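> For reference, the chains in residue letters:
Protein chains: 2
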Amino acid sequence: MSSQTVKEQKPPREPRNGVDTPTLLATINAVGAQPELAKFQFRATNRWQSGTHSRTRIESFSGAGGEHTHVSDFVLDADHPQVLVGADKGPLPVEYLLVGLTSCLMSGIANISAARGITLQEVEASIEGDIDLLGILGLSDEVRNGYERLRVNFKIKGDAPPEKLQEIVEQSKNRSAVFDVLTNGVPVEISTEVA
Amino acid sequence: MSSQTVKEQKPPREPRNGVDTPTLLATINAVGAQPELAKFQFRATNRWQSGTHSRTRIESFSGAGGEHTHVSDFVLDADHPQVLVGADKGPLPVEYLLVGLTSCLMSGIANISAARGITLQEVEASIEGDIDLLGILGLSDEVRNGYERLRVNFKIKGDAPPEKLQEIVEQSKNRSAVFDVLTNGVPVEISTEVA
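Protein chains in written order, with this note's numbering: chain A, 8 to 202; chain B, 8 to 202.
Since the hints were made in silico from the structure, they are not lab data.
Source: prediction; values computed, not measured.
No false leads were slipped in.
If you only want the chain B side, here are some residues facing chain A, beta carbon under 7 Å, derived: (1) GLY58; (2) THR63; (3) ARG158; (4) PRO194; (5) ILE197.
Below, simulated EDC-like cross-link-like pairs (lysine to aspartate or glutamate); rule was C-alpha separation at most 16 Å, straight line: (6) A:LYS46 to B:GLU149; (7) B:LYS171 to B:GLU129; (8) B:LYS46 to A:ASP137; (9) A:LYS46 to B:ASP137; (10) A:LYS162 to B:GLU196; (11) B:LYS162 to B:GLU174; (12) A:LYS162 to A:GLU177; (13) B:LYS46 to A:GLU135; (14) B:LYS46 to A:GLU149; (15) A:LYS162 to B:GLU200; (16) A:LYS46 to B:GLU135; (17) B:LYS46 to A:GLU155; (18) A:LYS162 to A:GLU135; (19) B:LYS162 to A:GLU200; (20) B:LYS162 to A:GLU196; (21) B:LYS164 to A:GLU200; (22) A:LYS46 to B:GLU155; (23) A:LYS164 to B:GLU200; (24) B:LYS171 to A:GLU200; (25) A:LYS171 to B:GLU200.
Some chain B residues near chain A, calculated using beta-carbon distances under 10 Å: (26) ILE35; (27) PHE47; (28) ASP137; (29) GLY142; (30) GLY153; (31) ALA202.
Here a beta-carbon is modelled for each residue, glycine too, at the ideal position from N, C-alpha and C.
In isolation and in its complexed conformation, chain A is listed as follows (with noise of 0.2 Å):
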């Protein structure tokens, strides 16, 4: 072909925030190529240990059209405090749901600024759930059993307009997959072998 095309070309957006935005952006296309790509599967295994204590583990998960392990295995103990009648040796099973929230929000904050050209100086999140326990200790019918209600409150300091930082949040949140299964709940199965 002997046409000259120029084609307009944004400058490719440089590593920031500890994020490697080339290779972040290069797998948005490469998975919008080739959209088989996008089907992830992760996975648990958790071990009752001794009264409300259990142990989980986290090893591998598949997705990108293979199997992976991660760097290492994530062993994480979840307990009730004593008040609750537990030895407190981990979190409550309730307060890693603001784990999860929390840091699916960061990491698209993080990522979202990468792609924009923002860079972040410090961002902090506070979370807080209240829950009335009369519902899970089969004391009303009316309380439900979960929490009633989260608050999330950032702070967050960048090199952009306050608008800019805060449209960044807010986009983390419409494309949070733990705001999304915390929001609108997500289909769970549950079966017992009897060993």
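With chain A held as given, fit chain B onto it using these hints.
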């Protein structure tokens, strides 16, 4: 009063499965008599580290009419794995949901078994979650951001007939805070302050 009423009483439940059953049942009775004790608030603070890596700290909570601190601070890293352009310094945010769900069901199984006088030998839960990342990558508006579904399989061994052990898992599900939140959703408010 001169009347001599003899009440029929069940023998008190002894500690079992590492659960202090008498204290558990006394706690439930105390909360039944004073329902405001059931109001709890759980909290966490997450600080962005670099890239998709963030660190959550869990220290205190309120409930049972007062403030409490955990026996030790819990510090939890979250990150994306390398195939998702992270440094794999902790579980993925969506993997924390798997920890929360299995550990919540497991605590319930231990408590309910103890209250029913059933001794557990072993309990293990495997969980899988399917997710299509076309949602969070912004490549499809048809695909949700979060998990499409979760599947949990329990293997349980204890000194009761199979149907009694299966009933315990079922009852744990019926009184699980995390199962409720994940299947029914919860309102989440997000606010942002620019520093």
